[in-house]
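Novice: Turn these sequences into a full structure, and let the hints steer you where they fit.
So the sequences go chain by chain: A and B.
Going by my numbering, the first sequence opens with residue 23, and the numbers climb by one from there.
Going by my numbering, the second sequence opens with residue 22, and the numbers climb by one from there.
Incorrect hints may have been included.
Stated by the list, open to error - Residues from chain B that keep clear of chain A, each with C-beta distances beyond 10 Å, as calculated:
#, residue
1, H37
2, A135
3, K146
4, P265
5, G310
6, E365
7, I388
8, Q480
9, L504
10, N561
As the list claims (entries may be wrong) - Derived pair list, reagent style SDA-like, types lysine to any residue, alpha-carbon separation capped at 20 Å:
#, chain 1, residue 1, chain 2, residue 2
11, B, K198, A, N62
12, B, K329, A, K34
13, B, K198, A, Y50
14, B, K329, A, Y50
15, A, K34, B, K554
16, A, K34, B, V200
17, A, K84, B, T325
18, A, K34, B, Y206
19, A, K84, B, Y206
20, B, K152, A, G36
21, A, K84, B, I199
22, A, K84, B, K332
It should be emphasised that the hints constitute simulated quantities derived from the structure, not laboratory data.
Since we're looking at a predicted model, the values are computed, not measured.
Glycine included, every Cβ here is placed at the ideal spot set by N, Cα and C.
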Amino acid sequence: MRHIISVLVENKFGVLARISGLFSGRGYNIESLSVNATENENISIMTIVTRGDDHVIDQIIKQLRKLVNTIKVRDVTQVEHVERELILVKVHATQRTRSDILNIIDTFRGKVVDINKESLVIEMTGDQNKLNALVDVLEPYGIIEIIRSGTIAIARGSKSTTDFTKQDIKNQEE
Amino acid sequence: MSKTGAEILVECLKKHGVDLIFGYPGGVLLSIYDKLFDSDILHVLPRHEQGGAHAADGYARSTGKVGVCFGTSGPGATNLVTGIATAYLDSIPMVVFTGQVSTNLIGGDAFQEADIVGITRPIVKHSYLVKDVDDIATVISEAFYLAKTGRPGPVLVDLPKDVIAAKSKNSCASDVKIVGYNPTYEGHPMQIKKMIKLLENAKSPVILIGGGVKLSNASEELLRFVEAINLPVVSSLMGIGAFPNPHKNWVGWAGMHGNYASNMALTEADYIIAIGNRFSDRTTGRLDGYAVKAKKAQIDIDPTSIDKNVKVDVPIVGDCKTVLKQVLHYLGDFNWEKCKKDREDWLKRIEYWENERPFGYKFSDRIIKPQYVVEKIYEVTGGDAIITTEVGQNQMWAAQFYKFKDPRQFITSGGLGTMGFGFPAAIGAKLGNPDKEVFDIAGDGSFLMNMQELCTAVQYRVGVKVAILNNKFLGMIRQWQHLFYNKRYSNSCLECQPDFVKLAESYGCVGFKVEKPSEVENVLRESLKIKNKPVLMDFNVDREENVYPMVPAGAALNEMVYGER
Ligand SMILES: Cc1ncc(C[n+]2csc(CCOP(=O)(O)OP(=O)(O)O)c2C)c(N)n1
Chain A
23 MRHIISVLVE NKFGVLARIS GLFSGRGYNI ESLSVNATEN ENISIMTIVT RGDDHVIDQI
83 IKQLRKLVNT IKVRDVTQVE HVERELILVK VHATQRTRSD ILNIIDTFRG KVVDINKESL
143 VIEMTGDQNK LNALVDVLEP YGIIEIIRSG TIAIARGSKS TTDFTKQDIK NQEE
Chain B
22 MSKTGAEILV ECLKKHGVDL IFGYPGGVLL SIYDKLFDSD ILHVLPRHEQ GGAHAADGYA
82 RSTGKVGVCF GTSGPGATNL VTGIATAYLD SIPMVVFTGQ VSTNLIGGDA FQEADIVGIT
142 RPIVKHSYLV KDVDDIATVI SEAFYLAKTG RPGPVLVDLP KDVIAAKSKN SCASDVKIVG
202 YNPTYEGHPM QIKKMIKLLE NAKSPVILIG GGVKLSNASE ELLRFVEAIN LPVVSSLMGI
262 GAFPNPHKNW VGWAGMHGNY ASNMALTEAD YIIAIGNRFS DRTTGRLDGY AVKAKKAQID
322 IDPTSIDKNV KVDVPIVGDC KTVLKQVLHY LGDFNWEKCK KDREDWLKRI EYWENERPFG
382 YKFSDRIIKP QYVVEKIYEV TGGDAIITTE VGQNQMWAAQ FYKFKDPRQF ITSGGLGTMG
442 FGFPAAIGAK LGNPDKEVFD IAGDGSFLMN MQELCTAVQY RVGVKVAILN NKFLGMIRQW
502 QHLFYNKRYS NSCLECQPDF VKLAESYGCV GFKVEKPSEV ENVLRESLKI KNKPVLMDFN
562 VDREENVYPM VPAGAALNEM VYGER
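Specialist: Okay, here's the thing in structure tokens:
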């Protein structure tokens with residue numbers, strides 16, 4: 023099962039290494055990882071996409087909580103949430119194929135951010151499935167390069183992951 | 022008034038109650054060593070940083086205080102690695118200080134630069150690279166706090182040379198606040214009641230204890246709990262001593278070389294309450310054959326230890342001592358008469374197993390049996406000595422044939438299984454407990470790994486005893502080759518070895534060579550008369566003696582193999 027885990031961490035030296043080391047040292051996979059600042063400059067948020075059975079995910083979450091610099095860990099896939107990823111695709115585009123490709127981009131509501139005689143760079147956001155679909159459709163035209171940002175996710179509703187309370191800290195130990 | 026980082030460091034150490042440091046100097050640590058020169062903290066110079074780390078560890082295990090050691094940048098720091106890993110796997114509170122090259126040189130492959138924070142990341146509870154002298158005081162307070170609270174463990178503090186030399190106005194901080202670190206001490210009352218409810222109806226329950234009971238000083242509460250309901254107690258290797266032996270409820274220790282009754286009791290139990298025990302593979306044997314009939318409850322301060330290897334029915338996150346106090350509080354609300362008869366029958370059944378196959382060996386009056394040496398050490402010390410062990414057969418025989426009654430009496434590297442641990446650990450234990458006899462029960466292979474510490478023991482007048490069960494083999498390796506590789510003793514024979522008596526004498530210690538069973542007791546008694554200097558005893562034991570019973574790798578606990586006797 024694929025899980026998206028949000029980890030609120032103190033913005034301290036070596037935190038990223040501790041987290042990635044926790045995964046590599048136990049043979050767990052990180053499918054994608056993104057690290058960002060939050061409203062609070064002392065705190066960063068990491069979004070980790072990983073796969074594993076319930077036992078593995080349970081261990082990952084507990085191990086993440088055990089790290090001294092983590093403040094809050096949450097499996098976003100357990101709640102109603104929105105997930106997004108950004109993709110940049112560089113695709114071959116000749117005079118003959120360009121209009122076809124532009125049609126596709128339009129249907130997907132993507133954007134062209136660079137254009138020249140032989141290629142186009144397309145920007146699009148969406149969930150993984152949508153981006154995969156775009157890539158599939160563009161494949162026949164000849165993809166030159168793909169860069170993806172990795173998934174970020176946010177829970178629906180009016181609560182914030184980043185405003186943590188003493189109770190949250192207590193709960194995470196339970 | 023501003024002070025240098027080195028001054029603040031020494032001040033903070035004192036503030037945290039440190040009276041003993043094991044450290045080895047080097048270029049980047051010189052300003053600290055200059056301050057230590059004037060301090061009343063005892064600084065012990067081991068002859069290898071690994072020895073220093075194990076000594077700090079032995080001190081911590083035997084006293085319950087935080088062990089402290091120092092190593093310089095680069096090779097000094099990397100020499101500490103095995104010591105740090107040993108402490109980490111057994112959850113021992115330690116603060117390890119390493120020197121580092123100046124901050125402007127970090128990353129440039131400077132002389133004696135090693136990324137020790139990176140190297141040790143997976144084997145520390147937490148670590149710090151101090152980049153600003155203003156942080157030293159806070160970092161040290163946090164380091165001590167982290168090392169000893171929650172699930173204890175080693176914390177590393179890396180100190181660059183320029184940071185130690187720089188000045189700051191900050192002095193030792195007393196209260197520590199780490200937002201994301203709040204270990205749970207009290208267990209959830211609902212879960213505790215659920216745990217007791219299952220016990221009320223259990224016909225064949227077992228209490229399974231581990232090293233966590235010692236770490237949280239929970240032995241007294243454990244004893245009261247066990248006696249209140251008359252429950253059998255089984256331990257892991259790490260839990261030995263947390264419950265007194267002998268005691269009518271003590272069954273023994275389980276696992277690969279544990280006793281028959283313990284392994285059978287776990288196999289036949291209908292309910293196991295694990296207390297500060299993490300179900301390590303050496304204790305469980307093959308998992309799908311482990312305690313299959315039993316419901317399980319587990320008390321552990323570290324949530325990651327729960328459900329990790331063995332799925333439990335009642336998880337309780339909390340400190341063993343605190344939770345056991347809560348348990349005692351609720352006990353009276355339950356009906357203990359209901360299954361009393363069943364439990365008495367169960368204890369009788371266990372007693373039958375105990376009598377059927379106790380630990381044993383075939384005595385000889387011609388050749389010294391290693392088990393006999395341990396039995397005699399027990400006798401001559403009246404069961405009061407602190408015993409450290411090396412790793413291998415010596416470790417198992419020490420655990421099998423000495424009877425431990427005190428939680429800080431048996432000191433062994435259970436998690437990492439570090440050869441060379443026992444002797445320096447014995448030095449640390451003796452320095453922490455000058456009034457106790459301290460014996461390192463050693464193998465000839467292991468002892469050679471840190472024998473340079475003889476010099477340390479002589480210099481600081483540390484009266485430890487080393488009993489080498491000398492089989493001129495890497496005995497435990499030979500045993501596996503005997504049992505599983507057709508007696509092909511590849512690279513496990515140690516026929517080339519020093520004359521241990523001369524070796525001892527050359528360091529200024531006393532050495533004895535013992536070749537006959539009839540001499541064993543006399544030599545041991547003789548060794549007890551020698552104070553303030555180490556005694557090295559070379560017992561030439563039966564070379565091909567095996568440790569039994571044994572749960573072979575991949576077998577279940579009740580599939581033990583036995584030796585002749
Ligand atoms: C540092 C280290 N290296 C290797 C091992 C693997 N090992 C486990 S037991 C053992 C043999 C120990 O021999 P010895 O110290 O003579 O003790 P004996 O088993 O003979 O009592 C070895 C090599 C280890 N545990 N630690």
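Novice: If a hint holds in the structure, say so; if it does not, say that too.
Specialist: Evaluation of the provided hints:
no.	hint	verdict
1	H37	holds (18 Å)
2	A135	holds (15 Å)
3	K146	violated (8 Å)
4	P265	holds (32 Å)
5	G310	holds (19 Å)
6	E365	holds (37 Å)
7	I388	holds (46 Å)
8	Q480	holds (37 Å)
9	L504	holds (30 Å)
10	N561	holds (43 Å)
11	B:K198 / A:N62	holds (18 Å)
12	B:K329 / A:K34	violated (29 Å)
13	B:K198 / A:Y50	violated (31 Å)
14	B:K329 / A:Y50	holds (14 Å)
15	A:K34 / B:K554	violated (48 Å)
16	A:K34 / B:V200	holds (12 Å)
17	A:K84 / B:T325	holds (5 Å)
18	A:K34 / B:Y206	violated (27 Å)
19	A:K84 / B:Y206	holds (16 Å)
20	B:K152 / A:G36	holds (13 Å)
21	A:K84 / B:I199	holds (18 Å)
22	A:K84 / B:K332	holds (15 Å)
When each numbered hint is compared with the structure, violations occur for hints 3, 12, 13, 15 and 18.
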